[in-house]
Amino acid sequence: MSKRNSQQNKQAARERLRAERERQAKKDRTRRQLVVGGGVVAVLAIAAGVVVAATQLGGKGKDAAWEAASKKELVKPANTAGDKGTEIVIGDKKATHTLDLFQDMRCPICSVFEQNVGDTLDKDVKDGKYKVSYHVATFLDRNFGGVGSKNALSALGAALNVSPEAFSAYNKALYAKDNHPQETKDDYAKDDVLLKIANSVPALKDNAEFRKNVEDGTFDKWALEVSDAFDANKDVTGTPTVKLDGKKLTSDGKNVPITPDQFTKAVTEGLKS
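The sequence shown begins at 1 in this note's numbering and counts up by one.
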C-alpha cells in the first residue's frame, strides 16, 4: 500500500530514491562516456534521482504550471457530480450499495489491484451489485516529486468527459502492467505518454476533443479539486483502500483484498453485514 502519512513510508521512499539515484548515476556515467566519445555533448537534468521531463507544450508539467492551474476557473468534466465535480460514480446510480475506491495513479499496488481485481469489479458493477465511487489522490507527487499523479488524473477527467465507459477503460489502461511506471518515475507527467496509452481505448483513439483537453490541461484545476477531496478522508492513510457502504474491505483484517477470490469473499461478507 502507498501511504500518505507515515514516517516509515518516508524512510522507505528515501531508501528507494537513494537506490534509484545510484542506479541513475551509473547509467549517466556510461552515457556520458558514450556521448562524449561520439563527439556529442548532452546535458542531463537529474533531480533527487528522478528524471522529471518537462517536454509538454507551454511548459505544462512543471510545478509552476500547476500553481497557475489552481487559480484558473474550474472546468468540470461531464459525468461528474457535486459542486466542484469531484464525485465520480461509475455504474447504476440507483444501486443500493456503494464501493468506494481510493487510488493514486502512480501507486504500484493500485496497479496490481486493478490488474488482478479490475475485471471482477467491472462485472459486479455491470450486474448491479454496487456502484463505484472513485477517490483519486496525488500524494505520490509530493512524496517523490513530479506531477504525474496530477497529470494522469487530469487526463482521466478528459476521458470521463467522453463517457463513464471511457473513464473505466482508460483507468484500466493506465494501470496495465505494460504501461504503469514505477512510483518513483514521473512518466505520467508527459502528455505524449498519456495519449499513447489512450490509443488502446477505442473511444479515445483519434478523439480530437480528448487530445485537446489533455494537451491544454482543461481539467487540471478539476484534478486539484479531486485531490483535495481525497485528502479530506482522514481515515484513509494509503492507497489502494476499498470501502463498501463506508466500511473498509480487507482480506485478513488489515490488508486490501488483492486477488479476485479475496475481493469476492470480502464483498460477499460486506454485503451481509
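Any given hint might turn out to be false.
[Stated by the list, open to error] With a straight-line cut-off of 30 angstroms between C-alpha atoms, the simulated BS3-like cross-links for lysine-lysine are:
{"hint": "1", "residue 1": "Lys94", "residue 2": "Lys212"}
{"hint": "2", "residue 1": "Lys247", "residue 2": "Lys265"}
{"hint": "3", "residue 1": "Lys248", "residue 2": "Lys212"}
{"hint": "4", "residue 1": "Lys131", "residue 2": "Lys247"}
{"hint": "5", "residue 1": "Lys265", "residue 2": "Lys131"}
{"hint": "6", "residue 1": "Lys212", "residue 2": "Lys172"}
{"hint": "7", "residue 1": "Lys84", "residue 2": "Lys190"}
{"hint": "8", "residue 1": "Lys94", "residue 2": "Lys234"}
{"hint": "9", "residue 1": "Lys247", "residue 2": "Lys190"}
{"hint": "10", "residue 1": "Lys248", "residue 2": "Lys123"}
{"hint": "11", "residue 1": "Lys254", "residue 2": "Lys243"}
{"hint": "12", "residue 1": "Lys172", "residue 2": "Lys205"}
{"hint": "13", "residue 1": "Lys254", "residue 2": "Lys177"}
{"hint": "14", "residue 1": "Lys205", "residue 2": "Lys93"}
{"hint": "15", "residue 1": "Lys177", "residue 2": "Lys123"}
{"hint": "16", "residue 1": "Lys234", "residue 2": "Lys205"}
{"hint": "17", "residue 1": "Lys205", "residue 2": "Lys185"}
{"hint": "18", "residue 1": "Lys248", "residue 2": "Lys131"}
{"hint": "19", "residue 1": "Lys243", "residue 2": "Lys93"}
{"hint": "20", "residue 1": "Lys248", "residue 2": "Lys94"}
{"hint": "21", "residue 1": "Lys196", "residue 2": "Lys234"}
{"hint": "22", "residue 1": "Lys212", "residue 2": "Lys76"}
{"hint": "23", "residue 1": "Lys71", "residue 2": "Lys272"}
What the hints contain is simulated information worked out from the structure, not anything from laboratory work.
Results for each hint:
At roughly 33 angstroms between alpha-carbon atoms, Lys94 and Lys212 are farther apart than 30 angstroms, so this suggested pair is violated. A threshold of 30 angstroms between alpha carbons decides the hint, and for Lys247 with Lys265 the separation of about 15 angstroms falls inside it, so the pair holds. Between the alpha carbons of Lys248 and Lys212 the distance comes to roughly 38 angstroms, so the proposed pair goes past 30 angstroms and is violated. For the proposed pair Lys131 and Lys247, the alpha carbon gap of about 15 angstroms is at most 30 angstroms, so the pair holds.
A hinted pair counts as satisfied when its Cα atoms are at most 30 angstroms apart, and Lys265 with Lys131 qualifies at roughly 18 angstroms. Of the pairs offered as hints, the one joining Lys212 and Lys172 holds, with about 21 angstroms between alpha carbons and a cut-off of 30 angstroms not exceeded. The straight-line distance between the Cα atoms of Lys84 and Lys190 is roughly 26 angstroms, inside the 30 angstroms bound, and the hint therefore holds. With a C-alpha separation of about 27 angstroms, the suggested pairing of Lys94 with Lys234 holds against the 30 angstroms cut-off.
For the suggested pair Lys247 and Lys190, the alpha carbons sit about 36 angstroms apart, so the restraint of at most 30 angstroms is broken. Under the criterion of a C-alpha separation no larger than 30 angstroms, the hint pairing Lys248 with Lys123 is consistent with the structure, at around 20 angstroms. Restraint check: the Cα-Cα separation between Lys254 and Lys243 comes to about 13 angstroms, which is no more than 30 angstroms; the hinted pair holds. Distance check on the hinted pair: Lys172 and Lys205 sit about 15 angstroms apart at the alpha-carbon level, within 30 angstroms; holds.
For the proposed pair Lys254 and Lys177, the alpha carbon gap of about 25 angstroms is at most 30 angstroms, so the pair holds. A C-alpha spacing of about 28 angstroms is found between Lys205 and Lys93, which places the hinted pair at or below 30 angstroms, so the restraint holds. With a C-alpha separation of about 21 angstroms, the suggested pairing of Lys177 with Lys123 holds against the 30 angstroms cut-off. For a cut-off of 30 angstroms, the pair hint linking Lys234 to Lys205 is broken: about 37 angstroms separates their Cα positions.
A C-alpha spacing of about 25 angstroms is found between Lys205 and Lys185, which places the hinted pair at or below 30 angstroms, so the restraint holds. For the hint linking Lys248 to Lys131, the alpha-carbon distance of about 16 angstroms falls within 30 angstroms, and the restraint holds. Only pairs whose Cα atoms come within 30 angstroms are accepted, and Lys243 paired with Lys93 is accepted, the gap being roughly 17 angstroms. For a cut-off of 30 angstroms, the pair hint linking Lys248 to Lys94 stands: about 21 angstroms separates their Cα positions.
With a CA separation close to 35 angstroms, the supplied pair Lys196 and Lys234 exceeds the 30 angstroms bound. A hinted pair counts as satisfied when its Cα atoms are at most 30 angstroms apart, and Lys212 with Lys76 qualifies at roughly 15 angstroms. The hinted pair formed by Lys71 and Lys272 fails the criterion: a straight-line CA distance of about 46 angstroms is larger than 30 angstroms.
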